[in-house]
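**Q** Next come the chains, spelled out residue by residue.
Number of protein chains: 2
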Amino acid sequence: MGQALALAQTVLYITAPNPRVGCVIVRDGRVLGQGATQPPGGPHAEICALRDAAARGESVAGATFYVTLEPCSHYGRTPPCVDAVVAAAPGRVVVAMGDPNPQVNGSGLARLRAAGIPVTTGVCFQEALELNAGFAARMSRGTPWTWIKMAASLDGRSALHSGMSQWITGAPARADGHAWRARADVVLTGMGTVSKDDPQLTVRDVAVPRQPRKAVVDGRLQISESARLFDGAEVWLFTAHDDPVKAARLARRNARVIVLPGPEPGRVDLAAMMRWMARNHVNEVHVEAGAGLAGALLSADCVDEIVAYVAPVLLGDALGMVKLPMLSHLDGARRFDFVDVHAVGKDVRLRGRFPDRWQTLQTAATPR
Amino acid sequence: MGQALALAQTVLYITAPNPRVGCVIVRDGRVLGQGATQPPGGPHAEICALRDAAARGESVAGATFYVTLEPCSHYGRTPPCVDAVVAAAPGRVVVAMGDPNPQVNGSGLARLRAAGIPVTTGVCFQEALELNAGFAARMSRGTPWTWIKMAASLDGRSALHSGMSQWITGAPARADGHAWRARADVVLTGMGTVSKDDPQLTVRDVAVPRQPRKAVVDGRLQISESARLFDGAEVWLFTAHDDPVKAARLARRNARVIVLPGPEPGRVDLAAMMRWMARNHVNEVHVEAGAGLAGALLSADCVDEIVAYVAPVLLGDALGMVKLPMLSHLDGARRFDFVDVHAVGKDVRLRGRFPDRWQTLQTAATPR
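In the order they appear, the protein sequences are chains F and C.
Residue numbers for the first sequence, in the UniProt record's numbering: 1 to 368.
Residue numbers for the second sequence, in the UniProt record's numbering: 1 to 368.
Read the hints as simulated data drawn from the structure, not as lab findings.
All values derive from a computational prediction rather than experimental measurement.
Accuracy of the hints is not assured; some may be wrong.
Stated by the list, open to error - BS3-like cross-link-like pairs, simulated, lysine-lysine; straight-line CA separation at most 30 angstroms:
no.	chain 1	residue 1	chain 2	residue 2
1	C	Lys323	F	Lys196
2	F	Lys196	F	Lys246
3	C	Lys346	C	Lys196
4	C	Lys246	F	Lys323
5	F	Lys346	C	Lys323
6	F	Lys323	F	Lys346
7	F	Lys323	C	Lys346
8	C	Lys346	F	Lys346
9	C	Lys196	C	Lys246
10	C	Lys346	C	Lys323
11	F	Lys346	F	Lys196
12	C	Lys323	C	Lys196
13	C	Lys196	F	Lys323
Take the sequences, apply the hints, and build the full model.
**A** Pasting the structure below:
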């Protein structure tokens with residue numbers, strides 16, 4: 001299963017909106033065939049592995065199939081994989097996670113069992129879910145898996161009062177941040193960051209076959225048409241301000257304006273934005289924004305993980321990482337779990353995850 | 001040498017102001033004797049190891065002596081260890097670090113070499129220096145090795161505006177903090193913390209043979225005689241305010257007032273305070289203070305390490321970890337190195353160390 005997960009990792013950037021899946025067919029400790037899901041419309045992992053075995057002239061009847069996700073049992077752009085698996089007559093199928101779509105979870109496994117094939121489930125479940133948290137979130141709850149990337153000093157300062165934030169963390173941390181950008185479907189920022197830094201929001205330090213889509217939360221539709229992030233593919237602009245004239249002008253810069261007003265004037269309905277993105281096939285959102293949007297997303301309960309780079313420096317009187325309402329008691333603070341702590345160059349990367357949100361995914365993806 | 005270091009670790013709390021030293025005598029992979037430095041006035045590690053070998057009926061002539069610190073060559077409360085080592089006629093002596101006293105470094109090794117004993121130096125040098133950074137700092141630069149213990153949210157907030165700071169971090173992090181208190185000679189805090197929290201400043205979660213001394217920076221000598229920290233052994237109060245009447249009253253609470261006025265009124269000369277402590281045999285200072293004193297110590301360049309516990313929570317609008325002057329450019333920020341990153345319960349401990357200060361110790365302790 002470790003090898004199947006590693007195969008799934010190799011297609012991290014190309015399967016969206018489909019899940020990243022790997023499959024290895026083994027007999028007597030020997031690999032007969034292996035594969036990973038190809039870009040949408042292409043074959044899924046099980047089919048790739050079967051074709052690989054055929055190309056090697058191997059017979060797979062009676063072999064053990066390791067697959068990181070329950071084989072699909074429905075017609076999409078491709079026929080159901082489970083039929084091909086059953087036809088191959090495996091001796092056993094080992095599955096890491098179930099199909100996270102609550103309406104489908106278990107039907108692939110049921111088909112295998114009905115064909116008399118022994119099925120083992122839940123092997124490397126957490127690792128498989130990590131690879132496809134976004135797919136699982138979209139399928140099970142109708143919103144993308146969303147993380148905020150932050151960079152700050154040890155005392156939580158992300159910029160000086162002068163606005164200077166380049167560079168608190170070092171080059172390896174910034175490159176690692178680009179790897180997180182690269183795996184996401186959407187890189188989201190706020191109008192404050194656009195006006196302050198005029199970022200390109202592209203992936204630069206990682207070789208990727210496609211750039212993630214760019215998106216901006218711009219409540220009052222104040223963005224300048226000369227912003228650098230418009231260079232390239234279509235940009236999504238989420239706004240509360242319905243201004244067809246400006247929207248038309250922005251369309252000429254390849255921007256799509258989506259009007260989703262929230263309860264407060266000039267504020268986007270962030271939860272609706274997340275649902276909109278999931279409907280538009282977004283699995284994973286990488287947020288790279290200032291304290292305002294970061295805090296607003298946290299307050300709106302739109303954040304699943306925090307990817308924070310902490311630099312070995314204390315800055316004292318400088319700008320904070322998140323704007324959040326003042327608390328009167330610590331019980332009011334929502335705690336996450338540190339799930340990964342890692343040195344990255346001279347900095348440290350701390351990944352935090354809200355446990356209730358991970359629990360929901362786990363429940364949805366537990367094989368039935 | 002690993003075993004000798006482990007022995008030195010066992011006397012972490014009892015050798016001060018002497019260094020923590022371990023010695024293991026080995027022949028053909030067999031331990032003939034071992035020992036660690038005893039409390040002041042008691043035998044040093046080499047003598048303990050020789051006595052242990054004698055008690056076992058082992059002859060140590062020709063054996064290899066592993067010792068974490070260069071054997072002493074001068075008469076203190078005990079005769080020089082190097083004479084006893086030479087008399088034992090070892091086949092070889094392996095030493096981790098030199099004597100950090102610049103006037104003494106090398107003389108113990110020279111005595112061994114003059115006696116024709118082969119000497120190997122620098123084995124596990126960093127680990128040995130870690131154990132005795134305080135001794136090395138006091139000997140080589142005349143100030144204690146000083147760390148600040150901090151606890152904060154991921155966004156660097158150490159307390160709510162309401163003053164509430166109990167408890168941002170969890171019980172395991174607090175217990176680990178007590179282990180750092182325990183190894184120090186002095187636990188230092190500021191008047192702000194005393195008036196806000198009325199702390200006891202004692203070691204509670206670790207079994208220790210002695211409590212570290214308590215000390216307070218109280219520029220205006222405003223401390224109340226009813227403060228809880230006066231319960232117990234003598235407390236040092238560093239002040240800029242010469243008030244013999246109050247000092248006499250405080251003396252009845254077992255407080256010793258040390259007047260060290262700095263350039264600004266009501267401010268203690270913190271560098272002079274550190275020199276005063278070293279003259280009074282303090283090797284290691286554990287600072288547990290609010291943002292004011294923490295920032296002042298950093299600004300006065302009195303800090304060697306930062307021991308920061310980061311909790312998995314974001315607090316936003318709350319109090320910061322350190323008060324430091326506003327910077328106009330990031331180049332002005334003094335960077336440390338993260339030397340240890342560690343999960344402690346649900347929190348993460350990050351240890352930072354200023355590399356120039358460690359370099360100074362390394363230079364002083366390099367065996368000659």
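**Q** If a hint holds in the structure, say so; if it doesn't, say that too.
**A** Results for each hint:
The hinted pair formed by Lys323/C and Lys196/F meets the criterion: a straight-line CA distance of about 26 angstroms does not exceed 30 angstroms. Of the pairs offered as hints, the one joining Lys196/F and Lys246/F holds, with about 21 angstroms between alpha carbons and a cut-off of 30 angstroms not exceeded. Of the supplied pair hints, the one linking Lys346/C and Lys196/C holds, its CA atoms being roughly 26 angstroms apart against a limit of 30 angstroms. The hinted pair formed by Lys246/C and Lys323/F fails the criterion: a straight-line CA distance of about 45 angstroms is larger than 30 angstroms.
The suggested pairing of Lys346/F with Lys323/C holds, with an alpha-carbon distance near 24 angstroms, which does not exceed 30 angstroms. Taking the CA atoms of Lys323/F and Lys346/F, the gap is near 27 angstroms; set against the 30 angstroms cutoff, the hint holds. For the given pair, Lys323/F sits about 24 angstroms from Lys346/C by alpha-carbon distance, which is consistent with the 30 angstroms threshold. This hinted pair checks out: Lys346/C and Lys346/F have alpha carbons roughly 23 angstroms apart, not beyond 30 angstroms.
Simply put, Lys196/C and Lys246/C have alpha-carbon atoms about 21 angstroms apart, close enough for the 30 angstroms limit, and the pair holds. Distance hint between Lys346/C and Lys323/C is fulfilled; the C-alpha atoms sit about 27 angstroms from each other, no more than 30 angstroms. For the hint pairing Lys346/F with Lys196/F, the CA-to-CA distance comes to about 26 angstroms; that is within 30 angstroms, so the pair holds. Proximity of Lys323/C to Lys196/C is assessed by CA-CA distance (about 17 angstroms); at most 30 angstroms being required, the pair is judged to hold.
Restraint check for Lys196/C and Lys323/F: satisfied, since their Cα atoms lie roughly 26 angstroms apart, inside the 30 angstroms limit.
Against the hints set out earlier in the document, a violation occurs for number 4 only.
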